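**Student:** Spelled out from the first residue to the last, the chains are:
There are 2 protein chains.
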Amino acid sequence: MKPLEDYLIVDFSQFLSGPSASLRLADMGARVIKIEKPGTGDICRTLYTSDLIMNGESSVFHTINRNKESFAIDFKQPEELKKLKKLLAKADVVMHNFRPGVMERIGLGYDEVKAINPNVVYTEISGFGSNGTLKNLPGQDLLLQSLTALTWLSGNDEDGPVPMGLSIVDMLAGTHIAQGILAALYRKAMHQMGALVQVSMLESAFDFQFETITTFYNDGGELPIRSKSNNANAYLGAPYGIYQTKNGYIALAMGSLPVLAVLLNCEELTQFPENKFSLKDEIKVVLANHLQTQETAYWLNILEPADIWCSDVLNYQQLFEQEGFKVLDFVQEVTMEDGYTYRTTRCPIKIDGEIFTSQKGSPKLGQDNEGILKKFIDC
Amino acid sequence: MKPLEDYLIVDFSQFLSGPSASLRLADMGARVIKIEKPGTGDICRTLYTSDLIMNGESSVFHTINRNKESFAIDFKQPEELKKLKKLLAKADVVMHNFRPGVMERIGLGYDEVKAINPNVVYTEISGFGSNGTLKNLPGQDLLLQSLTALTWLSGNDEDGPVPMGLSIVDMLAGTHIAQGILAALYRKAMHQMGALVQVSMLESAFDFQFETITTFYNDGGELPIRSKSNNANAYLGAPYGIYQTKNGYIALAMGSLPVLAVLLNCEELTQFPENKFSLKDEIKVVLANHLQTQETAYWLNILEPADIWCSDVLNYQQLFEQEGFKVLDFVQEVTMEDGYTYRTTRCPIKIDGEIFTSQKGSPKLGQDNEGILKKFIDC
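In order, the protein sequence lines correspond to chains F and V. Those letters in the first sequence? Residues 1 to 379, by my numbering. Those letters in the second sequence? Residues 1 to 379, by my numbering.
These are calculated hints, taken from the structure and not from any lab test. One or more hints might be untrue.
As the list claims (entries may be wrong) - Straight-line alpha carbon distances no greater than 30 Å define the calculated BS3-like cross-link-like pairs of lysine-lysine that follow:
1) LYS2(F) x LYS85(F)
2) LYS350(F) x LYS188(V)
3) LYS350(V) x LYS350(F)
4) LYS76(F) x LYS350(V)
Fair warning: this is a prediction, and the values are worked out from it, not measured in the lab.
Full structure from sequences and hints, please.
**Tutor:** Written out as structure tokens, the structure is:
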């Protein structure tokens with residue numbers, strides 16, 4: 001059995017962080033009902049990524065909201081709010097990511113929901129928490145990356161700030177929300193207690209940098225300095241990085257320089273008897289020049305048998321052709337109510353050897369109103 | 001009460017992914033016992049990041065392993081293995097990240113541990129899963145980034161592969177492990193069932209790319225193309241990116257070009273009446289040239305009041321001076337058994353308004369042997 005079977009999650013959250021958490025919980029067995037505004041719904045439905053529109057809505061929406069139901073309800077109307085409260089009274093988890101104060105003004109703050117559902121696990125996701133000078137800034141991924149110094153870790157020293165090219169802060173906040181909800185559900189099961197679970201994207205971005213922030217605080221407040229070329233981690237010495245070869249690229253993780261010098265037949269490298277952190281720029285230049293002289297496969301064929309941590313650098317087309325990718329069955333086909341079918345990823349967690357999949361695609365706005373009214377409200 | 005109070009986690013895992021998961025569970029109240037090899041312990045103790053050695057061991061080790069106990073035991077000796085099994089019989093969770101087959105050879109595979117502890121939650125973290133052509137590759141972060149195409153999303157189009165400058169795959173795998181363990185603990189509480197929880201770094205890296213992989217599969221298999229300059233997400237059009245100003249940088253997320261043209265007083269921008277994705281390179285050049293003409297504060301003072309999603313780009317020194325950071329109390333001081341004190345981050349999840357902190361620093365190798373023997377083994 002899936003661990004969260006029979007569980008009901010009512011999710012007001014939009015965009016990425018909250019919905020990615022409820023997707024994870026849905027894949028682990030929970031029933032997730034998305035609460036949406038009639039007419040427009042989750043803003044993510046119309047937030048286009050690239051030019052790709054799938055069945056009239058954004059590819060992002062379809063990716064994050066599969067395996068969920070949609071309940072369209074205008075809860076600013078008192079009669080509708082009453083109905084919604086009947087649903088909330090039966091929920092195990094209620095999630096939202098409105099700005100601080102919005103749910104309270106509607107009458108659906110933690111205290112109000114707790115009054116009708118004493119053991120509810122109530123979850124708030126914010127950009128910047130509910131205190132402090134930053135609290136009213138928009139909780140958007142790129143802005144969070146920029147404010148939390150994440151942009152000074154990728155790229156090379158002279159590149160200026162380089163953002164990570166995915167919504168990393170949203171995604172981490174989503175994983176933290178899911179963890180907080182699961183821990184609270186566990187405590188609820190053991191001790192019959194509800195909980196208020198709060199996560200901010202700001203704190204998630206800091207948690208992501210726990211190593212580098214700890215280093216900063218214990219290293220006299222020195223800022224990270226990326227290497228001049230081939231940087232992959234400002235805090236790791238050479239050879240750590242990606243290097244160009246005659247026909248592509250090769251990644252090298254940690255490794256002994258004298259050993260590499262022999263294996264790569266690189267005389268010039270022997271001038272560095274140890275991996276001195278302060279010499280990383282010079283070492284990388286020597287390596288970069290040398291590795292360009294042969295093709296990727298040539299180097300891998302020497303380094304892999306010697307247990308050097310190295311690899312090819314693949315793109316999606318090359319990756320998806322690998323047998324090692326295909327065997328995972330990581331891509332599943334899901335189908336929407338109207339028959340529209342698309343391919344997307346599955347849950348990365350395996351329990352008892354079982355992969356959690358679901359053929360259920362993302363919901364059309366309000367498609368589940370009738371069933372939800374019948375099962376939870378008009379009964 | 002912390003949700004995992006009274007819970008016992010026995011953790012054989014090393015480096016980052018597994019230990020970052022047990023850190024999270026420790027912060028939420030669990031008792032975490034690190035099983036280490038006498039003499040050397042977790043390899044991470046001597047894996048130096050930068051030049052920073054804290055109290056004789058690596059800063060990375062101290063960051064990830066605070067709030068845990070250390071039990072040094074040579075479980076390849078039959079007598080010692082017997083003792084260890086007594087501890088495992090009392091564990092709620094057993095975790096490891098050895099290569100496939102290692103725990104089975106020692107006699108501590110899932111079946112063996114289940115035989116002495118039927119409801120145990122047993123967790124395996126691997127680099128590449130236990131099937132397929134990739135399974136024997138080393139599960140190292142940079143190599144995983146390189147193999148899973150993550151390196152083609154950050155940086156600009158002509159930069160070649162650009163890795164993300166943090167151990168992102170380790171970190172995501174850690175969050176997934178924690179989620180899987182929590183879901184299994186919840187099911188155990190409800191249904192008295194143990195579980196085998198498995199996570200691979202490979203699948204965690206794919207899950208991270210759920211949006212871009214879904215787009216790839218539904219967009220005719222086109223590879224992502226980063227913009228020529230100011231890239232922040234290959235799938236988002238202009239202005240999404242970070243731009244240089246007269247004295248620093250400014251981040252701009254999604255926004256309407258005609259509105260920006262007026263606010264920034266940028267005549268040239270009016271030639272782009274809509275945010276056409278295919279024109280992102282041209283639009284970014286216009287914006288980049290224009291934004292260089294004034295200081296960051298000048299632009300923010302215009303854009304923020306107009307609710308445009310924008311922000312300054314800070315480094316650690318600037319960030320940690322912000323009142324909005326200080327108010328979070330995100331940095332805590334922890335103390336080791338020998339009195340060594342250091343500053344590090346805390347758990348990002350808040351429950352019932354409570355921040356989870358713990359003053360307990362990382363353990364010296366084997367420091368808790370006596371207490372563990374007394375409480376769990378010689379009793």
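**Student:** Tell me, in ascending order, the numbers of any earlier hints that this structure violates.
**Tutor:** Structure breaks no hint.
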